[in-house]
Amino acid sequence: MTFALAVHSSKGGTGKTCIAVNLAGAYALEGKNVCLLDIDIRGPSLFSIFKPEALFWVNDMLSGKRGIKDTIHDVSEEFGTKGKFFIGCSNPDISEIREIVRKDRNWQSSALKNLISAKKELDKKNIDILIFDTSPGVEYESINAVAASDMVLIVHNSSIACNSCTEQIIGGIYTPLKKHCVIIDNMCHDNTLQPSEEKRFGIDVIARIPCMCDVATRNDEILTLTERDHIFSQNIYSIKDRIERHRL
Amino acid sequence: MPEDELLEEILAELQEINSKLDRLLTGKKEMVFDPSKKGNIADSLDIITLLSLPDHLRTTATTLLEIGPATAEEVAELTSKERAVESSYLNQLVRMEHVNKYREGRKVYFQINER
Ligand SMILES: Nc1ncnc2c1ncn2[C@@H]1O[C@H](COP(=O)(O)OP(=O)(O)OP(=O)(O)O)[C@@H](O)[C@H]1O
Ligand SMILES: [Mg+2]
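In order, the protein sequence lines correspond to chains A and B. Going by my numbering, 89 is the number at position 89 of the first sequence; the sequence numbering is gapless. Going by my numbering, 17 is the number at position 17 of the second sequence; the sequence numbering is gapless.
In isolation and in its complexed conformation, chain B is listed as follows:
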C-alpha cells in the first residue's frame, strides 16, 4: 500500500475513534448534568470505589476526603506534588464524576461528590 493511502486510512480511523469518544463524552455529560432527568445524579465516592482507583488518583482522592473542599494548590501541598500535576489528577476525578468543582472568587475548589 502506498504511503499516503495508509496515512489516509489511519486518519479516517482516528476520526472515527474521535467521534466515538465525543459521543461517549457528551452522552455521559447529558446523563449527569441534566437535572430535569431524575435518577441520573452521579454516585458519591465510597471507600471501596476509591480503593479501585489507580495509585496516583487514589492518593489525590484520599487527601481530598481528609481535608474537605480544597484548591489544587492545597492538595498539592499535602501530596508533595506539583500544583499542575495535582490539578490534572483532580480534573480527571471530576471527569470520572467522583469529584466536583466550583468557583469561589478567583479560586477553583474541588470536593468529593456527595449525593
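Okay, chain A solo, but in the shape it has when bound:
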C-alpha cells in the first residue's frame, strides 16, 4: 500500500517545501516510486522548482475536475532517479488562488474524498511513497492532507511561537485523527545551549538539521540528488531511514 507522508508545521517558513522536495528526491534516487504533491494551493511552490508544462493542476484533482493521473508529471528522467519520480503542482495563477479562497466547507469535504481516492489510484500505479507539501497552520487543505496521510512530519524551528502552536496542533488535530507523528528540528543554531532532545510533546524528534546558508542559496537544486554528501542531504537520507524504521 502507498505510504503517505504529510509535511506540515504550525508556523510558516520552517522548511517544509525544502524538506519535502529533498526527501522525495532521496526516496526516488534509491529506487522507490515517489509522488510529491503541492497541497499548498494558496501559496504554491513546486511549480517554481519543477517548471512543469502542466495542463492540469492539483487544484483540478481536488475539485474533482480531473483524476490524479492527469495531474502528475514524471520527472524521473530529468533527475535520473532509479525509482519513478512524479510531481503534481498547484496552480500559481492568482485567479485560481482567489477561487480557492472562496470555496466552502462542502468543497473541502469533497476535496478530502478526492485526495483519498487519489491515494488509492496511486497505489494501483505502484507508487510507494506519497508526499504532501502543505501550507502551515490550520488550513483546510493541510488538515485534509494530514487526514489522508499515514504519518505526519512536523517541521519545526526553535521559535517560541512555533513551539506552543505545535503543541496545540498535536492535541487538537494530529492526536484526534490518530496520526503517527515525528518531529524534525530545522534551521538549528548549534551555538544555542538547548540540549538535543529525543522526544518533545511525547513525539520522537528524528533530526536536527543545522541552519546553513547553502540550503537557502541553492534552493533551485535538489541537494539530495546533486550533492549527496552535503550535510543537509545527509540529514534528509537519515530522516528517510528513521521514517522507514518508524513504519516497522
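One or more of the hints may lead you astray.
Stated by the list, open to error - Here are some, though not all, of the chain A residues that point toward chain B, as calculated from beta-carbon distances under 7 Å:
(1) 108
(2) 144
(3) 147
(4) 151
(5) 176
(6) 233
To be verified - Simulated restraints on C-beta separations:
(7) B/69 - A/175: 21 to 31 Å
(8) B/11 - A/160: 52 to 62 Å
(9) A/245 - B/95: 20 to 30 Å
Read the hints as simulated data drawn from the structure, not as lab findings. All C-beta atoms in this analysis are idealised placements derived from N, C-alpha and C, irrespective of residue type, glycine included.
Given chain A, work out where chain B with the ligands should sit, using these hints.
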C-alpha cells in the same frame, strides 16, 4: 410534598421534555428531508467538523471516510468493535446528518453525506 404528587410532577416534566424533543426532531426532519424546500440540504461532513465530534463517533466517521460506503459490519471489522456498537454509532451520525444510509438488497450501507 406527598410522594405520588411528586411523581406526578416529575412525570409531567418528562412529558413536557418529550414533546419538546419530538418537536425538535420532527422539525429537523422536515428541514432536511423535504426536497421541495430549497437550501435545506444537510452539509457534507468536512474535516474540521469531524474533528469536533466525540472520540467514538470520530473514529467511526474517519473509518467510513477512508473506506467509502460500507455496512456496520465492515466498519466494525476495522475499528475492532462489536457490530451492534458500530451500528449504533453510525445511526447517531445519521441522526446528526453527517452520514446517510441506504439499502441494497438485504444490506444497509452507510456513507458520508455529500452535497
Ligand atoms: N536548514 C536550513 N538552513 C538554511 N536555510 C534553510 C534550511 N531549510 C530551509 N531553508 C530555507 O528557508 C526558506 C524557507 O523554506 P521553505 O520554503 O522550504 O519553508 P516552508 O516551510 O515550505 O515555507 P511555507 O510555510 O511558506 O510553505 C527557503 O529559502 C529554504 O531554502
Ligand atoms: Mg512551503
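Do the hints match the structure? See the list:
no.	hint	result
1	108	5 Å, holds
2	144	6 Å, holds
3	147	5 Å, holds
4	151	15 Å, violated
5	176	6 Å, holds
6	233	34 Å, violated
7	B/69 - A/175: 21 to 31 Å	28 Å, holds
8	B/11 - A/160: 52 to 62 Å	59 Å, holds
9	A/245 - B/95: 20 to 30 Å	44 Å, violated
Checked against the numbered hints listed earlier, the structure breaks hints 4, 6, 9; every other hint is satisfied.
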